[in-house]
Amino acid sequence: MVNVLEDEKDILLDHEYDGIHELDNFLPPWWTMLFYITIVFAVIYFVGYEVMGVFKQPAEEYQAEIAQYPDYYEDETEEEEEGDDDIAAFLAKKQQQQGNKKEVVVALTDEKSIGKGRRLFRKNCALCHGKNAEGIEGQGQGPNLTDNYWIHGEGKIEDIIHTVKTGVIEKGMQPWGPTLGNTKILQVVSYIISLKGSNPPNARGPDGKEYK
Amino acid sequence: MSVETFHYDNKIVRNFAFATVFWGVVGMFFGVLIAFQLPLPGLNFGEHFSFGRLRPIHTNAAIFAFVGNAIFMGIYYSLQRLCKARMFSDKLSKIHFWGWQFIIVAAAVTLLFGYTTSKEYAELEWPIDIAITFIWVVFGINMFGTISVRREKHMYVAIWFYIATFIAVAVLHIFNSLALPVSFMKSYPIYAGVQDALVQWWYGHNAVAFFLTTPYLGLMYYYLPKIADRPVYSYRLSIIHFWSLVFIYIWAGPHHLLYSAVSPWAQTLGVIFSIMLIAPSWGGMLNGLLTLRGAWHTVAKNVELKFMVVAVTSYGMVTLEGPLMSFKSVNSLAHFTDWIVGHVHNGTLGWNGFLTFGIVYWLIPRIYNTKLYSPRLANAHFWIGTLGIVFYLVAMYFSGITQGLMWKELDPDGGLMHENFLSTVKQIIPMYYLRGIGGLLYITGVFLMVYNLFKTVKQGNLQADEEASAPALEQEKTKVKSTHRFLEGHLGLFFILSTLAIIAGGLIELVPGAMNEFISPTKPLVEKYSPLELEGRDIYIREGCNNCHSQMIRPFHNETLRYGAYSEAGDYVYDRPFLWGSKRTGPDLHRIGLRPRNEVWHYDHMVNPQKSSPGSVMPPYPWLATNKLDTSTTSKKIQVMRSLGVPYNYDDVRNAEENLQKEAQELSDILKKGKIDCAPDREMIALIAYLKKLGKRIKVKK
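Just so you know, the sequences run in chain order A and B. When we follow the UniProt record's numbering, the leftmost residue of the first sequence carries the number 1, and every step to the right adds one. When we follow the UniProt record's numbering, the leftmost residue of the second sequence carries the number 1, and every step to the right adds one.
These are calculated hints, taken from the structure and not from any lab test. Do not take every clue at face value.
Some chain B residues close to chain A (C-beta under 8 angstroms, calculated; not the full set) [unchecked claim]:
| no. | residue |
| --- | --- |
| 1 | Arg86 |
| 2 | Ser89 |
| 3 | Lys91 |
| 4 | Tyr156 |
| 5 | Pro225 |
| 6 | Ser234 |
| 7 | Tyr235 |
| 8 | Pro264 |
| 9 | Ser582 |
| 10 | Gly593 |
| 11 | Pro596 |
| 12 | Asn598 |
| 13 | Val600 |
| 14 | Trp601 |
| 15 | Ser612 |
| 16 | Arg697 |
Computed Cβ-Cβ distance ranges for the label pairs, DEER-style [claimed, not checked]:
| no. | chain 1 | residue 1 | chain 2 | residue 2 | range |
| --- | --- | --- | --- | --- | --- |
| 17 | B | Lys455 | A | Leu12 | 47 to 55 angstroms |
| 18 | B | Lys611 | A | Gln57 | 43 to 51 angstroms |
| 19 | A | Glu74 | B | Lys611 | 35 to 43 angstroms |
| 20 | B | Pro375 | A | Gln57 | 19 to 27 angstroms |
| 21 | A | Gly48 | B | Leu40 | 45 to 53 angstroms |
| 22 | A | Asn202 | B | Ile130 | 49 to 57 angstroms |
| 23 | A | Val47 | B | Val109 | 31 to 39 angstroms |
| 24 | A | Asp110 | B | Glu666 | 40 to 48 angstroms |
In this text, all values refer to a predicted model and were calculated from it rather than measured experimentally. For glycine and all other residues, C-beta sits at the position ideal for the given N, C-alpha and C.
Next up, chain A with everything else stripped away, as it sits in the complex:
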């Protein structure tokens, strides 16, 4: 006979299966309550989302979230600038705009442009060159852009613009001329120049030749 406790004798059901008996215990009250609560919750949740629409759906949540970071999304509304690959013409145009005779073109230094450059860098360049342009170790990663060592050109602004615009195909760097456009390229290059000598932590070792 199955092992039945004293207080269970009255609720032992009269059937058995291969020696297995069943008791006729009540449902645990807290369990029943839990079930009811989850059902009520489900009804409220469903009505809130799908009937009354008082709770935010994912797309609305997203709009509210990105509204906190307008700087990162203003690009999307801006008119796309046509990129071009004629570097000489671009540099000449910038030189003319800046009215500078001596140097070919001068880096931007105003806070707004540097800020835009930083966000562009973070979005497009940091993946390979590191968050602070410190470079990342590895064949498929980019060099440190804050030191005096340069692989392509001598680290002058027109050299960097050239590299950004045409890319370094064999190293995995794409030409940014067609996607970024001239204004943005100047902003991001100006940001890179502003980082010179910043000595970021975890920097990648020197690549190329030193130019002082």
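With chain A held as given, fit chain B onto it using these hints.
Below, chain B without anything else, positioned relative to chain A:
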């Protein structure tokens, strides 16, 4: 009343038990191997033994080979005794057993060779799917046949769960596997994109529900009271929790797709039914644990019961955790991380594994008419296994939460703190080791069990045909006490009602979407795939890239910063199958074509990820650069896609190969400019073409 004498078939139980143990070792071995492949990419031994191909082998072996055989072992033993009848047909039992083993071997071989549909836990290609359907029907006939000739008027609760299992798995398997074959081992699903995702996770979620849960609840209801020698706590609870469980479970599938491109109302249903699932699930746990009321002193002495207590407790933990993870806020952190992996393993290692061990330790000595060789060794197994689970879970929770937080972490500027995905990977490497050690401990315990069972079997004699007797069932016309009691006596009615309960959720969630797609199809946001891109996509599938890379950018600031515009239904209209993935061991690739990684970078990275990105855990794929692309079915593929409704025209089919060659040549030339010599007829070219296509949308003129 005439008493009939008959014999239980113990041989078939023995066969399934041995298969359970054997495949358990195989499945866990691959689990341990892939666990260490992550921190040690050198353990990816070439084409057939790389992570992307082995992970499906591990999951399929664990679910369908280990747990599958354990289900059949448990059912074939208990069903005969609960029905007081031998299995309906010895021949069907045999076909079932050998058919299932054949399917497992076929699955393992084809997966190693890269034949996969990519759909999780449904990776097997169409010929094997048909074989599974056939064997499942054999099992069904055998089971329902046995129930029909039972000498027990009423069906015990365990049998209810077995019936529900049979029905649900049949429905899930058939509807998720519907596909149009291209060739003997390749097919494209009849669903595309969002529809495919919904059907797959309706399947994936309910594979957990009706393959890993309901049959095991059935087993628990037989073996736990039997071993503990205690009456089941509450018959009423059995009824309520059975019906609510099978009805509610089906609806919760979309909780795997929160914040994804599936329609918001399906997501809402996924959340609320997950929450409502807590009580029905816990009903099972309570009925199990409360059955031990007054018998806890025996638990300490009885190792089988110890295994069962941990199993049932794990079940309770997992079924509370699951609904909590379905809350959108928790999901936004947990989804795609190792947390999910931890959650699942709490279920499989704890609930499925330990319940199986408990049953095996009890059952083998019984059918061999002997005692367990060494209860002490079994006890050691229990403690090592438990320790293994703890190691595993701690590692995965720690790793998962770390991943989730690091992906989301922003600096004061509002930008990503960790732009480079790799830095979030490097952070969790120690956890990968710890998880591997957990797995090693667990499998060590299993080896102890293998030895113990071997010795037990040697000292005993198999009672192949165990004699039993019971009175013949008489058609008595007594008044039934309750409606449910009536139902328990009528298999046909029970079958119909449980089918209705099971399919309701699926019908309501899937059919309106499919109808709507028929009436007003989703507007494509992308171009259809070129033949080269399509071939590349099939290589992506073959190598199992989707095992580590998602293609689903969720609508969060951190994800759009990292990966680009969030994914929408229109991005996927031509995706057969969908490739959203379920975890991000590597970064999302849905817009990789727009990211600053050019063709040369992809080539270098694929050939040697560790050289390209030191610290990467990705397996190397050098064979892609040397294997020739098989274009023999390219135009057939385009043709099949066309018959599935993808707007290719006749010329696209006819010129498929020519177009492919042209595009491949262009890509090969681009690589040449980057000083890489890769002939246009290599698989790598196709894969890179596919990657560069990902994320590009049709340009809309303003």
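Unsatisfied constraints (hint numbers, rising): The structure conflicts with hints 1, 2, 3, 9, 10, 16, 17, 20, 23, although it agrees with all the remaining ones.
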